[in-house]
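Novice: Working from the sequences, and respecting the hints, build out all of it.
Protein chains in written order, with the working numbering: chain A, 1 to 294; chain B, 1 to 333; chain C, 1 to 233.
Think of the hints as simulated: they come from the structure by calculation, not from any bench.
Note that the coordinates shown come from a computational prediction; the quantities given were computed from them, not determined experimentally.
Honestly, I wouldn't trust all of these hints.
As the list claims (entries may be wrong) - To spell it out: a stretch of chain A is covered by chain C in this simulated footprint if at least three of its residues, at any positions, have a beta carbon under 8 Å from a beta carbon of chain C; those stretches are:
id: 1; segment: 168-180
id: 2; segment: 183-191
Claimed, not checked - If you want a taste of the chain A side facing chain B, the calculated C-beta under 8 Å gives, among others:
id: 3; residue: V85
id: 4; residue: L229
id: 5; residue: L281
What the hints assert, rightly or not - 30 Å max Cα-Cα, derived DSSO-like pairs, lysine-lysine:
id: 6; chain 1: C; residue 1: K152; chain 2: C; residue 2: K72
id: 7; chain 1: C; residue 1: K52; chain 2: A; residue 2: K91
id: 8; chain 1: B; residue 1: K299; chain 2: C; residue 2: K52
id: 9; chain 1: A; residue 1: K99; chain 2: C; residue 2: K52
id: 10; chain 1: A; residue 1: K91; chain 2: C; residue 2: K72
Here a beta-carbon is modelled for each residue, glycine too, at the ideal position from N, C-alpha and C.
Listed here are the chains, written in short residue letters.
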Amino acid sequence: MLLQLLPQSIVFGILVGALYGLAAVGLSLVFGVTKFLNVAHGELLMLGGYATFWLFQLLKFDPFLSLPLSILFLLVIGVVLYQLVFVRMVKLPEEAKVKNTMLVGFGLSLILQNIALRLWTADDRGVTTAYSRIAYTVLDTRFPLIRVVSLVISLVALLALHQFLKRTYAGKAIRATVEDWEAASLMGIDVHRIYLLSFLIGAALAGVAGSLVSVGYSIAPGMGLEWTLKSLIVMVLGGLGSFVGTFVGGIVLGLTESLAGLAISGSYREVVGLALFILVLIFRPQGLFGAKER
Amino acid sequence: MKKIVLAAALVLLLGGLIALPLTQVQDNITNLVILVFLYVMLSSSWNILGGFTGQTNLGHAAFFGLGALATRLLWLEGKWPIIPSIMVGVGAAVALALLIGLPAFRLRGVYFAIGTLAMGQILNVTVGNVLPEISAIPPKDLATYALLPRYYVFLALAVVTVVAAYVLANSRLGLGMMAVREGEDAAESLGVSALQHKLLALIISASLAGLAGGAFAFYHVGYYPSFPFGPTWTFDSVMVAYLGGTGTVIGPVIGSIFYVVVKELLALRLADYHLIIFGALFVLVVLFMPGGLVEAWSKIRKVLTHGGAPTPPPQPAKREAGPLAKERSELSE
Amino acid sequence: MLTLENINAYYGDLQALWGISLQVQEGELVALVGPNGAGKTTTLRVITGLLKPASGTIHLHAESLTKDPPHKIVELGVSQVPEGGRIFTKMTVLENLELGAYGAQARRERQQTLKEVFTFFPRLEERQKQVAGTLSGGERQMLAIARALMSKPKLLLLDEPSFGLAPILVQFMFEMIRQINQRGITILLVEQNVRAALELADRAYVIENGRIVGQGTHQELLAFDSIRSAYLG
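Specialist: Here it is, written out as structure tokens:
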């Protein structure tokens, strides 16, 4: 009986895992380049979701077509947060930088969460379009259209990031900065600009993920912590340094949660991921795909 | 002379606090003071691991929650008297600390922080699923619910917590913890076992948080058992400790008073914005005044006593490792 | 062209440079020599802006470099080959070279510059698609120098270019440096290999314990007994 649910479970796991992966890649990029551990990442995702939701609710914009607008929104917020707060921590030595940005991130998440709460109440929201109910059924397994499109968009975003890093000067500058920021600045690369750029790309990716969550699932002001944790989990699972690895890590988390849901009650879903996270942290800190650094 | 004045002031303060509920003061003032005591306990206990020893524990609520859970079950369901219930609550928190201590400290720095965050969430979700129903003092017992004993329990436990922190800070153990905070490797090379000190700090921190949980369980009429496990409690502890000044004994106390007072003031006009404001304050503290109010106070004092002229700092230049280290070590040859 | 006046620099509380003053005229090849830990690399870091001096000034012609961030200094025409080369091992040879021409001007001319660089370093042209981490020590050093040349610098700073190279390669390296200088690029060379550096350079400064203790041409420096015995004996 359980076996019948298996394919469906796998499909759902992959579909949600793509969003985990997308969110995590954003966080991973920021952390990899700047060593900022922005734990308000989940809140950025939440804001992306709300942008899409309100654009749909008030202006009837299709949630997929309005993605560029929600990206724009996140870029603005990203610039504000970076220039007001994060830029002051650029010069700190690495350990302090990671710790302080984490603490600041918590403060920011508190602020953003509660602003959202004030503005939009604690109700769950979601975007329901005319095509929200459409699903393709293949071999007894349902593929909801919205979630499939989200998967495609995630892959496109990942591909775009990959090409950006590989082919553009800015992308190469980012890769150089990750490897050796002093040598990069000796090339004439303005490391501060690279930090800002990476931060903005990370925010944009979070925004896209949030927008997709608002269509395929639901959003609420308090969702930030859960998604930040998921991004952290996937970031560690996938190992730093490879975005493809991180994305796959997202799929792995999605699958693990989904499959575990067959055996134990769905409300423990989050626990599965967290437990996996702790195990990986302790026994394989370089992640499933990362190279051993220590 | 200064010490006598300080001691006298403390005695006066304590006397005042003891006498407070006996005066005509309204219940809501008493409740506010209890809230201060609660935050004093939460932030001081976090501070022992986070401030003294430098390990940012983001799962602090788990110890608070366990203390509350065990106490509540024994006291409400098991009909135990409150003091032994709280003792067992402390025991439960310590048990968790012992369980996770060794594996947790295999994680360094930020990994420890997010690992404990995950651990706290696991307990939060699990307890929420296992005990979804509200835990309420039955109506017939409500009639005998008295605020006074709760107040004194909180007062006593808060004093215990602060005294414990003070004694620890001035002990050899505390010194070792601070050495670990300043640099684990350096501490090890001085013969200070980082792991031992971290574990002890964790255990003490957990037990005091469990104590706070026990008091919490005794005090609240009705709440969801998973409530004290919520991450908000951890963040509040961290935030209050930072506001007041981590690494000091008085910091969490000042931070708690500040937090509760300002929260009350804000509640009058800007209800529900208080979290946004505190979030902003916290960010400001981390960015500009990591020593919190304690640091701010000592700066103000310096300005007042020295007329404001600061001593010039030693020459700038950022700390560098790498090629420098090679040159520096050879410079000293 | 390059003037350092009375530079004092610190690492934290530790003073590393004491009143350093030196000059490099346009077209010259000047060496900065001294023992390990004397402050040679530190001096270069101050020039390129990776380390801000506590006091003193740096000028390129009339332009003050003292407060500028590293990327601005590169734009002004100063390029450094840091100690060990510090190429980007995870990127290809070609990508490393492209990054060398990051500034707007250099980027525009980069196809042309690339051709010139490849003429100079044919080995790099062969290996251009290879990941830089797979190159040998000598090739990496070549790549580091080539990369610095991609920015079309007016002043090239070289930090121990011969370090870790086999003697044959060292010869080759210095010959290449001479040729680069002959093409009109001013060079400040930091070297531990004093003999080779003095033979190559027009002038040299001697630095010890963070202070300039001597300067002059090859001949003039040989006149210092202490230098002769300490370094050339």
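Novice: So, for every hint listed, does it hold in this structure?
Specialist: Checked hints:
no., hint, in the structure
1, 168-180, "holds (count 7)"
2, 183-191, "holds (count 9)"
3, V85, "holds, 6 Å"
4, L229, "holds, 6 Å"
5, L281, "holds, 5 Å"
6, C:K152 <-> C:K72, "holds, 14 Å"
7, C:K52 <-> A:K91, "holds, 13 Å"
8, B:K299 <-> C:K52, "holds, 28 Å"
9, A:K99 <-> C:K52, "holds, 26 Å"
10, A:K91 <-> C:K72, "holds, 18 Å"
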